[in-house]
Amino acid sequence: MKYLVKLKPLDKFFFGKNQTFGDDNYFAKSSYLPQQTQLLGMLRKELLIQNGFLTQKRRGEWVDKSKSDEAKRYVGGESFKIDSSHIDLGVISEISPLFLLDKDDALCYFRAKDYGIYLDGVENSIPDLRLKSDGGVYTEKKAKRLCPKLISVKNEYKLDEVFIEDTQVGITKGRTGATDDNAFFKKTSYKLDKEFCFAFVLDLVDKPSAKFDSSVVTLGGERSMFKMEVLKEHHLSEVYEKKLEKLYEKEKYDKLILLSDTFIQDSNKNIFDASSFAITDSIAVRTIDSKVTKWKSKEKDMPKYYFQKSITYNLFKQGSVFYKPTEKLEKMIENKNLQNIGYNKYKIIKGEKNG
Amino acid sequence: MNKIYIGLTIGPVYKTLSNAKKTGELWSGSYLFSYIMREIIREFKDKEKTVVLPAIEDNLFLENKEAIYQGAGFFPDRFIFEKENGDLEKLQNRVDTVIEKLAGKIDSHFKIALSNAEKKVNDDADNLEFYKKKVKSLKDVQGKKSEIENYLKEYLQIHYFEKEPINHVIDELYPILDMLELKQGLVPREEINYLSVFMQNINGSFFKNDASIKGETFPSLPFIATKELHKKIDNDALFKDSIDDTTIYDVLEADKKIKLKKHHKYIAIVHADGDSIGSLISTLKDDEFQPFNKKLLDFTSSSNEIVKDYGGSVVYAGGDDLLFFAPVVSDKGHIFELLKSIREKFDEKIQNDSLSVSFGLSISYYKYPLNEALKASVDALEYAKGSGKNSTTMKLQQHSGQYVQTTIKHSSPSYEEFENLTKEYLEIEDEKAMLSSFHHTIRKFEDVLKAIGKDPVAVENFFENNFNDAHKGQYIEFTNKLVNYIQTIFSEEKDEKKAIDRLYTSLKIIKFLKGEEI
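Chains A and B, in that order, are what the protein sequence lines are. Counting in our numbering, the first sequence runs from 66 upward without gaps. Counting in our numbering, the second sequence runs from 56 upward without gaps.
FYI, nobody ran anything at the bench for these hints, they're computed from the structure. A few of these clues could be false.
[As the list claims (entries may be wrong)] Derived pair list, reagent style BS3-like, types lysine-lysine, alpha-carbon separation capped at 25 angstroms:
#1 Lys-207/A <-> Lys-295/B
#2 Lys-199/B <-> Lys-374/A
#3 Lys-238/B <-> Lys-317/A
#4 Lys-100/B <-> Lys-94/A
#5 Lys-363/B <-> Lys-238/B
#6 Lys-382/A <-> Lys-199/B
Use the sequences and the hints to build the structure in full.
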């Protein structure tokens, strides 16, 4: 069963990046979007709550041992790993990449990395990039005038019109209550313009039939709060991929656009040899791994659960473009485990000519 | 037959510098690329006459104690030269060799760094936790030369190509290098970021020897920011790597001999860049490239010395670019005097009236994240360039989160007056903070100033009527200069609001340099 899930921030929100306060910084800035793994975490928790598996007390939250096996049927039993071949997601069949909806419920997405430019040719691996504005040769200096935007089929929006910065400068106080001069912090969250909301398509299996209704949820390490509206049989849940494809213009050559952050376990040489040219950016992702050790209590082995950050995975950023992609590149990107939670999604926009 | 050229670019420079949290890491990240470029070019330095850029001279390839160019990277991230048969293969082999040798040197350094850190664990009880953490991270990287080499091969983005230009080599090859830099690879699974570990353990490494940096520790931000006070500080060990920045300031504040001012906790980061250099190079003929590049090298290396003498530390000095940290005020003067010296050096070395230099100056609290302060400086430079070049854009980012920014053209009369006003005010020994009282009332009397700003007599009367100290004692000359400054700004700026904003911001910066509350 497919659902369109809308997320409307109840206030400002903060999605952490790799560098946060814990790294001895006194400044942290939110990302525009949460990671897909954070969406998964939120959904798993919400499924546990709504289907009666999560015990929530003041001293903590847990799944009772008696309900553990059944709970695993609903949400799977292990932390999501980026480089795993398969992770059981329980009733979750697929999560789409996160996008935005404007006031007309039109799908909005970030422009690809080749905004404002086009590839006019490639000869001996030397690209010929041009500016759309005047057909002039691309230079870094001229490209600085191009600004990233959100686009829908009819409109385009500057990022700072949609994501409004909210900077909080705070102080911490010592034990005596006096201000600790060296303990200031500066945190930049975002507020979403009231005419926009986040959204994604969620596909749940039919059996077991899980309860999944509208609710208030938290997302991200900072537990930013969102009103979650769950819409069954919404037309967008069937057509969002086609809508996404329409956002990108046809140009001279075929191009593969990453619709979401993408993990490719291969060398740069192999990746770039599988297309004629590429415009890429990267993002570092770390997930939370749950670990278990043992400790002895009255001669008995007891499990002790703890969490630690995973190694760093570097992903190609959503919007990266690969020109004249080969089947080999598609095979490198195809990864069911990641695509199920919205990573490694791509579209090939056919060009006007090939070769 | 037309000439064929090879263009090469290395990176990712900005990404590497963005990950730096301390000055030593920033310096080593920048030096890494200069080092790699130098080692690649070393194989081709006999082709000096046919190299389009950068400057090639034998002294650049001297290392360690013999180094003439010391303390910073002097090689830019691009190399363009005329191709001869076999050069492409030679280049590929050279790149592979350089990476392999670099990996070997990093691996060897990790062994030494671990041994040193383990000794400190035993000897330095005050900083036990700091060194224990170091030992742990260094143990993870022991004996991993081939992993380091593989990591470098994936992390470093080195692109090169050959082309026979139809018109000018720079016009046709430079944009291609821009395009190739858009293709950024990555390390998909990063169990250990070997480069990060190296940058965090740069002390005593071959980089420091290579750049002929004296002393063990690359200056920390508190060290640079408090340069003015160093003669009064007895504690030689105060700026050790293991001592955190907060502790340094606690010690300084407790020292009765030292008067710690607000600006001693702020750092100036400056990006300097020649204006219209690219346009000029596009007109040069083959035999003119090297002489011009050498003029640029002369400028950047001289500027390196000027900055060091002032009390700053240069991160990078290649091509027509400079990046350095400096105290806002040192015992040799203030930051605007330093910028003036660099401008004068540019004119002296380049000797071309159609060229100039612009600065992006960001002044920020020492705890402000380095990558953000660096970005503020880059953005300020872009603003200066976009405002007509030959300008300084200065951004003062306060600890509270507020910031002020203004841009002044170097050729404008108000800029010289600003420099003179700053000098005059800093020389006043009186602590009454007369400028503070005026500054606070600018907003209050905004409409009055808008009305009288262009009239020096009216402005002078305004001071006489509203400020007791305006024409007394040490303030006489200062008030005269201030009146002229106000009148000049209002003459230059057609928009009265912009004139007020520029006045307000520039006076705030002068107050800050004096050490007054802002």
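Checklist entry - Is Lys-363/B close enough to Lys-238/B, meaning Cα to Cα at most 25 angstroms? => result violated (37 angstroms)
Next on the checklist: Against the 25 angstroms threshold, does the CA-CA distance of Lys-199/B and Lys-374/A hold or violate the hint?
Outcome noted: Judged against 25 angstroms, a Cα distance of about 23 angstroms means the pair holds.
Next on the checklist: Can you confirm whether the C-alpha distance between Lys-382/A and Lys-199/B stays at or below 25 angstroms?
Outcome noted: With Cα atoms ~29 angstroms apart, Lys-382/A and Lys-199/B exceed 25 angstroms; violated.
Checklist entry - Between Lys-238/B and Lys-317/A, does the CA-CA distance stay at or below 25 angstroms? => result The given pair, whose Cα atoms are some 19 angstroms apart, holds under the 25 angstroms limit.
Next on the checklist: Against the 25 angstroms threshold, does the CA-CA distance of Lys-207/A and Lys-295/B hold or violate the hint?
Outcome noted: violated (44 angstroms)
Item to check | Given pair status - Lys-94/A, Lys-100/B, alpha carbons within 25 angstroms | outcome: Roughly 45 angstroms separates the two Cα atoms, so the pair is violated.
Going through the hint list in order, the structure does not satisfy hints 1, 4, 5 and 6.
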